[in-house]
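Residues per chain, in single letters:
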Amino acid sequence: MKIKNSQKLPGLFIKIFLLGGLNAFALWSVPVLIADGRFLYAAYIAISTLILDYIFLSSKFVAAKYIVPGAILLVAFQIYPAIYTGYIAFTNFSVGHEMNKQSAIDSIISNSLEPVGDDSILPMRLAKTPEGSTVLLIKESDGNLYLGNAQSLKKLPPNSWSVDAEGNIQSVEGFTFLTDEEIALVLEQYSNYFVPGLEENVKYRVADFTNVERITPTLQYNSAGDYVENLLTGEIYKPNKEGAFVGADGVELEPGWTARIGLKNLERVIGDERYRTPLVKVMIWTFVYPFLVVMLTFFLGLFLALTINHPKIKPKKLYRILLIVPYAMPGVLSILTWKGMLNESYGIVNKLLPGAVPWLSDPWWAKVAVVLVQVWAGTPYMFLIATGAIQALSTEIVEASEVDGASPRQVFWNIKLPLVVIALTPLLIASYAYNFSNFGSIYLLTGGGPVMYDSGGVAGHTDILISYTYNLAFTAGKGRDYGLASAVSFINFLIVAVISIQAFRRSKQMENIN
Amino acid sequence: MSTELIVRQKKMTFQKWVRVLAWRHFIALLAIAFALFPLIWMASASFDELGKINTQSLIPQYPGLSNYRALWENPDQPYWLWMRNSVMIASINAVLQLAIGATAAYALSRFRYRGRKTTLMTILIVQMFPQLLAVTAFYVILADLRESIPFMDFGSPIALLIIFAGGALGINAWMLKGFFDSIPSEIDESAKIDGASHGQIYVRIILPLALPMLAVVALLSFIGTMNEFLLTAVILGGNQEAITLAVGMRQFIETDFQENWGAFAAGALIATIPVMVLFIWLQKFVVSGLTAGSLKG
Amino acid sequence: MNKKRLGVTGAIATAALVLSSFVAPAQAATKNLLIWADSGKAPSVRAAIAPWAKANGVTATVVVKDFGTVRDELITAGPKGLGPDLVIAPHDWLGGLAASGVVDRVSNVSSGNYASSTMDAITYKGLKWGVPVDVENVALVVNTELAKAPKTLDELETNCAAAKAAIKNFKVCLELPKGATYHSYPLFTALGGYIFKWNGKSYNLKDILGGKQFQANASKLDEYYKSGVLSKDAAWGFAEFYAGRAPYVIMGPWDINDLKKQTKVKYSIVPFPSGKFPSAPFLGVNAFYLSKYAKNKVTARSFLTGYASGKEFGLAWFKDSGKQPANLEAQADPAVKANAELAGFASFSAAAQPMPNVPQMGSVWGAWENALNAVADNKSTASAAFTTAAATIKKTIGS
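Residue numbers (our numbering), protein chains in the order written: chain A, 158 to 671; chain B, 550 to 846; chain C, 253 to 651.
Below, a list of computed lysine to aspartate or glutamate pairs in the EDC-like style, where the Cα atoms sit at most 20 Å apart: (1) C:Lys547 / A:Asp263; (2) C:Lys380 / A:Glu271; (3) C:Lys377 / A:Glu386; (4) C:Lys380 / A:Asp275; (5) C:Lys513 / B:Glu622; (6) C:Lys547 / A:Glu345; (7) A:Lys296 / A:Glu356; (8) C:Lys571 / B:Asp625; (9) C:Lys380 / A:Asp263; (10) C:Lys377 / A:Glu271; (11) C:Lys528 / C:Glu407; (12) C:Lys547 / A:Glu338.
In short, the hints are calculated from the structure, not lab data.
Using the sequences plus the hints, can you model the full thing?
Here it is in structure tokens:
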């Protein structure tokens, strides 16, 4: 390197500062993460830090210095979530199957707790023993006062305590009641606290500040046999492969747990006739809709950019500001406003047009409507990037060709336009992919409708794959079925990815990469 | 366009004005009318005290400012705090996106190394994963990390920014790479001969030349963050003081049967102001990028 | 350079240590209670809980949650220890919450405090799960200058025919938004409809959307769209009613503020008329649910059984929210009874049926709405549309 050291100093300083900070973070967080048992995260941070140290302290890996920092974040926060979602697709993660098996068992047992007797609510005081440990003093309905903790229950001598007129415990020999302040400190420990009762399987649970409730579980888990038994009827509930305990009569206990169910979700997507029948129509629209939107927004945006990007257009800035307003509005609001504006007989759009256009109820017009609204919302984006592109390339390439004697028209068609299109191709592909699964643009405007009645009423004429499957996955069975939704979105993802790669291979951008 | 071109066009006949400029103004005004058309209805709803989104009369039936007053007066929905959060998070995020994205884009555009094609493909394909479901994964990540690393917690804007940074090597990097590609490589070749390091070429030559595109990318990611809802709601949602406008304003309409569209419309209209201000400010850079481009030759 | 870095490391590590010492929360010696509510209910929860919290030395924190996402958050956040102690939510969420195992039962609330339909609403699979806070149902709102309150469905039809002839720019008589499921329930039941057949104890998930009973009268719906009783262009916002051109509209107590704000329409709130079958609105019950993962269960249970189920809370709730308290004693209080609008809606509440709280309701709304849309758009007869919808629901529940 021939450059004087003084010129490199700020860079060096920044490098030391950032690397130092990173290493400090790693040195602090990795031991903490290991101590907390989070080895995957610890390993990721440790390995990332080592890689970055190695790259930046060596002079060999020039390109890596620029890319690896971003790539590490990309893997952690984009690729890992995608893989995680892929994993969900192989489970039955859905309403009623969100927890692991142990939590499900705990939940089933605690839901089965039933009050014992009509007088199940009993007065209670929290008190300190002479040794200083906290216990519960419970006045049973048999007239005795008991001392209880999580392990045992013991009757206190009848003459050692007294109650007031309302039956509340007033004083107990040898015990001091906890003050309000002390109660506040320990109260949280009693959230899931049980005192053994007088009979087998009967327990006391703290019901409120001054009472316990006498309860008994009606279900019991047998860990040796891995089944749940109803203590009243003796019925046995055995675990099935789909994460639930099922009785002989087919009744499932709630909640169940998340179970790996292999390819069942995929089978449901492909094997279910409700998916298959309207699938062809939905698929076609899923491809056509983003194509129309991208083409229309791109050419409109480019056309506007070219039109306004003329040196003699004076309020250029103002034009540009006003044109990007739709892009700056939250989509929820603007799409719903459009929905109102497109109402068949009250809507302003039809008031301005000569005929009554059935915007949202006719299959074809509804398609026009979703495209129209998305063109409204998406053109500013294309306008912006096209403006940027045009300005970035109006340098010496254009000048050179002008010097070569090309007419402005030739310059535009043969030089400018191809260059802009090449520069923007990846963005067009990305925009296609975005609109391919642009859930909100469909869901908020038409909800997928109007419904295809011949298909059993599940799919609509403007449904794209993601809105269609959302309706299915989030309304099926007991409600939200993330497993099914993940499977569908993964299929969706695979289709977009394959198409994009193909489109991309064909585009001129690829020549650039090679 | 070169300076000579502008000089040549200075004297213009009326006929030429019509041929060259009139239609441009006409198209621009037409497009603006289309763009602003729905806004008139939103504005109308924002001034109507019965504010219903599909009240179809242009003139509010019960005109009043109560929807705007609600933005100040409801301590449960601190609109202006949310506005501050939004602007802060969106600004910092725009800077981070630029820093990470442009740096990677420089390498992708200028260096030829093994695995470059794979990197480009990966970046593009990861973009296509529908975020609708990936939020569950973010939830799990944060729930795991929060006990060990204090700032990676729900309600922490830092956690949100770090997660957003994971997406910096995405479409923004692609966009910038495309523009870096259009800057002739002879320029950095000659700088290299003069003894400049790759870092100096990047900071002193490429970045200034790419200013227009940097401005566009900054603006796009600013707007994107201002309107991002899904991820922000999951990560900041629990902290009413930390959420952004996009998340907070949903509370106007996402309550049980009591949609307050009037306040939502009022809030949304005001929320476009920061975007407009940023846009006006960045326009200068877009234009100065032009000038820098012509000086360079 | 290595030394330098060590220095930086040390400095940052020290800073981190110092900072982390601030992060540890100070032990507060008070009882705590954390409640989640959506933005519409949070202020009222705060106001109504205040006297109890003060009397019992409890620091009650009410956190505003997005109504659309609070359910998912409860399911994901609860097991991670990030959830609340209590959540206030409409009762139709109960089935899903209970099926997911994230709420605890509250068995020791006296049923005598509430109407039996209210208790039904918070009963799932035979067990009681929450503490009711307020009750609401829709009713018919009549523009008294345009039409009389109808006693029967036939009378409503006659009045509508008269209104159609008399009103300038008439578009619709009963302004029921297209595809409105919940709001159309009184009309649906008057024609013999139901969601799932109620056998007195639980729902028969196989007998859906009115069955034969509704089919016999379904053609009435088709007629209504032809004769102008209903219109496919009716939309949310009730623009025609507020403009004084539609005599009837079905509204809920949440519309009271808007009704009072407007000045054009003189109105009265009455029960929707019965047809061949008695008309019934859905009963909606907002209730407190106890999170299974609550950190302060004792405090939460004390609040629920000792205060939230009582008259005092009901009155405090009414005072702040203006809603009909669920507690019967509070309902009987003169202050509550004096509210004309609430009384109007309450006049229809005796007939109300609790909205089914089974988690399978998710598959009902969409199919039901599709059927209503099909009828409105004249794409299908009501009979065919509801048959299709019932078949769709049956399939969806089965999967």
